[in-house]
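Colleague: Top to bottom, those sequences are chains A and B.
Start counting the first sequence at 1; every next residue gets the next number (this note's numbering).
Start counting the second sequence at 1001; every next residue gets the next number (this note's numbering).
Calculated directly from the structure, the hints in this document are not laboratory data.
Mixed in with the good hints there might be a few duds.
To be verified - Derived EDC-like pairs: lysine to aspartate or glutamate, alpha-carbon spacing no greater than 16 angstroms straight-line: (1) A:K78 with A:E29; (2) A:K110 with A:E52; (3) A:K70 with A:D31; (4) B:K1040 with A:E10; (5) A:K73 with A:E52; (6) A:K70 with A:E29; (7) A:K113 with A:D86; (8) A:K110 with B:E1044; (9) A:K105 with B:E1084; (10) B:K1041 with A:D31; (11) A:K113 with A:E10; (12) B:K1038 with B:E1067; (13) A:K105 with A:E15; (14) A:K105 with B:E1024; (15) B:K1036 with B:E1058; (16) A:K78 with B:E1084; (17) B:K1022 with B:E1067; (18) B:K1019 with B:E1052.
Claimed, not checked - Derived CB-CB ranges, DEER-like: (19) A:R63 with B:T1005: 27 to 33 angstroms; (20) A:K78 with B:H1026: 42 to 48 angstroms; (21) B:T1016 with A:L98: 37 to 43 angstroms; (22) A:N62 with B:S1065: 27 to 33 angstroms.
In this text, a Cβ means the ideal position worked out from N, Cα and C, and glycines have one as well.
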Amino acid sequence: AQTVTQSQPEMSVQEAETVTLSCTYDTSESDYYLFWYKQPPSRQMILVIRQEAYKQQNATENRFSVNFQKAAKSFSLKISDSQLGDAAMYFCAYRSPLTQGGSEKLVFGKGTKLTVNP
Amino acid sequence: DTEVTQTPKHLVMGMTNKKSLKCEQHMGHRAMYWYKQKAKKPPELMFVYSYEKLSINESVPSRFSPECPNSSLLNLHLHALQPEDSALYLCASSRQGAKSYNEQFFGPGTRLTVL
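Just chain A, same shape as in the assembly (with noise of 0.2 angstroms):
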């Protein structure tokens, strides 16, 4: 069974400055889905990025990257110019592909809860 590992239980960082959340995960599988979804305080997960295992390219939505290293099953996140609105809980997650006899769920990591100091 797969698992995902988030280190981090909590992080602090300062407006305007570059955090990097850490998350691990164990599969046997080649192929395979990573997502990092945010839950602000008392509001809806939405997704911030999404990788698939087969693409080398690291993955960018705007001031959201990530540094995928298949090889050592890490998928951090990074986030620069920290914004207020970016404190949340993030959880990192892994998804088998339906090909490989996967299904839909998701195995989520226990979360890094972020605080954006100003």
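Chain A is already provided as a structure; the job is to place chain B on it using the hints.
Modeller: Only chain B this time, still in chain A's reference frame:
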């Protein structure tokens, strides 16, 4: 419309009550999910519906009964709940496709309190 809606936002019920949670999406997604989330924890999957059929039940107690009347609507019927069932209940939906991210879109959740 890229939204998953959930009603009610808040629900307080006694252990003998029967209530239902509702989830709706109009994105044409054919997979819908129920999650339970405790404070400061990740969501825990409860049920998955694929093409209106129950495809995953994560050994959820029978006091939770899901229903998918059509491709846009998902209900969760609650009966004889326990105080430990108090949590945020999230609904999500996604496309179905073997070669696709199929990322899940989440609703805002229903905050359930069982007295």
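Colleague: Are the hints correct? Go through all of them and say.
Modeller: Here's how the hints hold up against the structure:
For the hint pairing K78 of chain A with E29 of chain A, the CA-to-CA distance comes to about 25 angstroms; that exceeds 16 angstroms, so the pair is violated. Proposed proximity of K110 of chain A and E52 of chain A is contradicted: the alpha carbons are some 21 angstroms apart, above 16 angstroms. For the suggested pair K70 of chain A and D31 of chain A, the alpha carbons sit about 10 angstroms apart, so the restraint of at most 16 angstroms is met. Our distance criterion of 16 angstroms between C-alpha atoms is met by K1040 of chain B and E10 of chain A, whose separation comes to about 11 angstroms.
Annotation: proposed proximity of K73 of chain A to E52 of chain A holds, straight-line Cα distance about 13 angstroms (limit 16 angstroms). Using a Cα cut-off of 16 angstroms, the hinted pair K70 of chain A and E29 of chain A holds, with the two alpha carbons roughly 11 angstroms apart. At most 16 angstroms may separate the alpha-carbon atoms for a hinted pair to count; K113 of chain A and D86 of chain A meet this at roughly 10 angstroms. With a C-alpha separation of about 11 angstroms, the suggested pairing of K110 of chain A with E1044 of chain B holds against the 16 angstroms cut-off.
Of the supplied pair hints, the one linking K105 of chain A and E1084 of chain B is violated, its CA atoms being roughly 24 angstroms apart against a limit of 16 angstroms. Of the supplied pair hints, the one linking K1041 of chain B and D31 of chain A is violated, its CA atoms being roughly 27 angstroms apart against a limit of 16 angstroms. Of the supplied pair hints, the one linking K113 of chain A and E10 of chain A holds, its CA atoms being roughly 5 angstroms apart against a limit of 16 angstroms. For the hint linking K1038 of chain B to E1067 of chain B, the alpha-carbon distance of about 23 angstroms lies beyond 16 angstroms, and the restraint is violated.
Between K105 of chain A and E15 of chain A the CA atoms are separated by roughly 35 angstroms; this puts the pair beyond 16 angstroms, and the hint is violated. Taken as a hint, the K105 of chain A and E1024 of chain B pair is broken in the structure, with Cα atoms around 20 angstroms apart against an allowance of 16 angstroms. A C-alpha spacing of about 11 angstroms is found between K1036 of chain B and E1058 of chain B, which places the hinted pair at or below 16 angstroms, so the restraint holds. Proposed proximity of K78 of chain A and E1084 of chain B is contradicted: the alpha carbons are some 36 angstroms apart, above 16 angstroms.
Between K1022 of chain B and E1067 of chain B, the direct Cα distance comes to roughly 10 angstroms. Compliance with the 16 angstroms bound is thereby established for this hinted pair. Proposed proximity of K1019 of chain B and E1052 of chain B is contradicted: the alpha carbons are some 21 angstroms apart, above 16 angstroms. Between R63 of chain A and T1005 of chain B the beta carbon distance is about 28 angstroms. The supplied range of 27 to 33 angstroms therefore holds. For K78 of chain A and H1026 of chain B, the Cβ-Cβ distance of about 34 angstroms falls outside the hinted range of 42 to 48 angstroms, so the restraint is violated.
Checking the proposed 37 to 43 angstroms range against T1016 of chain B and L98 of chain A shows it holds: the Cβ atoms sit about 41 angstroms from each other. At about 42 angstroms, the CB distance of N62 of chain A to S1065 of chain B disagrees with the hint of 27 to 33 angstroms.
Checked against the numbered hints given earlier, this structure breaks hints 1, 2, 9, 10, 12, 13, 14, 16, 18, 20, 22; the rest are met.
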